[in-house]
Amino acid sequence: MSSHATLDLQKGQDVLPIECIDYLELYSGNAKQTAFYLCKLFGFDIIAYSGLETGNRERASYVLAQGDIRLVISCAYKSDHQIAQFVHKKGDSVRDIAFRVKDLEATYAKLIERGATSVQAPTEEHDEHGVYKKATVAAFGDTVHTLIEREAYQGIFAPGYVEQFEKGSDTNTGIVAYDHLAVFVEDNDEWVAFYDKVFGFQLMSSFSKDDISTERSSLMTKVSQNNNSRIKLPINSPAEGKGRSQISEFIEYNEGPGIGHIAFLTHDIMASIEHMQNNGLRFLYTPQSYYDLLPERVGEIDEPFDKLNELNVLVDRDDEGYLLQIFCHPVHDRPTLYFELIQRKGSRGFGDGNIRALYEAMEREQAKRGNL
4 MSSHATLDLQ KGQDVLPIEC IDYLELYSGN AKQTAFYLCK LFGFDIIAYS
54 GLETGNRERA SYVLAQGDIR LVISCAYKSD HQIAQFVHKK GDSVRDIAFR
104 VKDLEATYAK LIERGATSVQ APTEEHDEHG VYKKATVAAF GDTVHTLIER
154 EAYQGIFAPG YVEQFEKGSD TNTGIVAYDH LAVFVEDNDE WVAFYDKVFG
204 FQLMSSFSKD DISTERSSLM TKVSQNNNSR IKLPINSPAE GKGRSQISEF
254 IEYNEGPGIG HIAFLTHDIM ASIEHMQNNG LRFLYTPQSY YDLLPERVGE
304 IDEPFDKLNE LNVLVDRDDE GYLLQIFCHP VHDRPTLYFE LIQRKGSRGF
354 GDGNIRALYE AMEREQAKRG NL
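Residue numbers (my numbering): 4 to 375.
Quick caveat, the hints were computed from the structure, so don't treat them as lab data. Ideal Cβ placement from N, Cα and C applies to all residues, glycine included. Misleading hints may appear alongside valid ones.
[What the hints assert, rightly or not] Heads up, simulated PhoX-like pairs for lysine-lysine below, C-alpha to C-alpha not over 25 Å straight-line:
| id | residue 1 | residue 2 |
| --- | --- | --- |
| 1 | Lys113 | Lys81 |
| 2 | Lys105 | Lys136 |
| 3 | Lys105 | Lys137 |
| 4 | Lys113 | Lys136 |
| 5 | Lys35 | Lys105 |
| 6 | Lys35 | Lys81 |
| 7 | Lys200 | Lys137 |
| 8 | Lys113 | Lys170 |
| 9 | Lys170 | Lys35 |
| 10 | Lys92 | Lys348 |
[Stated by the list, open to error] Estimated spans, in silico, between C-beta atoms of each pair:
| id | residue 1 | residue 2 | range |
| --- | --- | --- | --- |
| 11 | Glu189 | Ser292 | 18 to 24 Å |
| 12 | Gln36 | Ser121 | 31 to 37 Å |
| 13 | Arg372 | Asp71 | 17 to 23 Å |
Given only the sequences and the hints, what does the whole structure look like? Please build it.
Dropping the structure here:
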C-alpha cells in the first residue's frame, strides 16, 4: 500500500454487523469530579447514574451525553477494585470502547472463533425496561471492547442505572458524534491485522514515517474502520527520530497502549471552539506562518481566514472537499488523553496536509514538559 493516504478501502475479513460506538467508558479516580469537569468544558449533560444509591456497592458511574455521544465516567469505592488498580497504573484513561451489535451471541462467537480473547462471556440483564445483553473481549493494552445488544431494551442506559439529568453548561457546544478514536500502540501493523482478522475492519488509509515527521520525531499511522464507516480507528505507532514522538510519550505515561485522543464531530467548529474557550478549555497554538500559506494551499473556503487564524483552526483539502480541525491541551496532568474537534465539509480524510503543523504544535508542548 502507498505510504500516502488513500480512500480506496482494502477489505477486511467477512464483515461483522458492528453498528457503531455505543459508548466509551473512562476510568477515573473521582468520577463525580471528572464528570463535572467534562460537562463544564464540553457541554455534556449527565443523563444517568449508578452508585450506592442505586444498589451498586462497587463503583459509581455517570453517563454523559451530547448528540449521539455517550461517555461513561466510572470510579471504584475501594482500592482493591480493578478500576482503582487501572487508575493507579494509568491515571484517568479510556478502558472500554463499546460496540453496538444486533445479535450479541452470534457476533461474540464469531469474534472468539477468529482469535479474540474473552473477558466476559455473553450475559443478560433484566429490568422493567427490557433485556440488555453484553459481552466483552480484549483489545490493545488494558483496553477492552464490550459488545452491547439493546434491541429489546428501552431504558435510559442500562440496568442498574437511574435517569438523572444535570445540565452541563448554559450553552450547547455543538459536538454531535464520535468522529474517530486515535489508538497509540508500539506496533500498528499488529493491531491493524487484529481488527482486520477479528472484527473484519477495513484499511482506510496509511501514512509512513516520511509522511508524519518533524525535525525531531516521526510516527506511522494506519486507519481501520468498520463496514459502515461509523467506527474509525487511526492506529499510531512511533518511528525512529532524533527525539521522542508523542506516541512514545503517551505510552510511557499511560504505562502501555491506549486511546491517545478522542475526536468529536461538530457542524460548526468555530462556534464550538468559542463556546468551549468560554467554558475554560485551552487549545493548541498554531504559528502565524501556517496561516500565511493557508489561502494558497486550500483555495476558497466558506470560513474567513482571519477568524481561523484567531482561533488556531487548521484546514485541509482533498479531492472530496475540506475539513477543519483543532486539538486541545491534555485534560489531565499526565500528558496522555486529549481531545480533537473536527468539522467535515466533504472530506473523509484526517488532515493529511496538517500533520506536520499538528505534531509541531504537540512537540512544543512536549518540550515544555521536558519530554522531547
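Would you list, in rising numerical order, the hints stated earlier that this structure does not obey? Hint check: 1, 5, 8, 10, 11, 13 fail, others pass.
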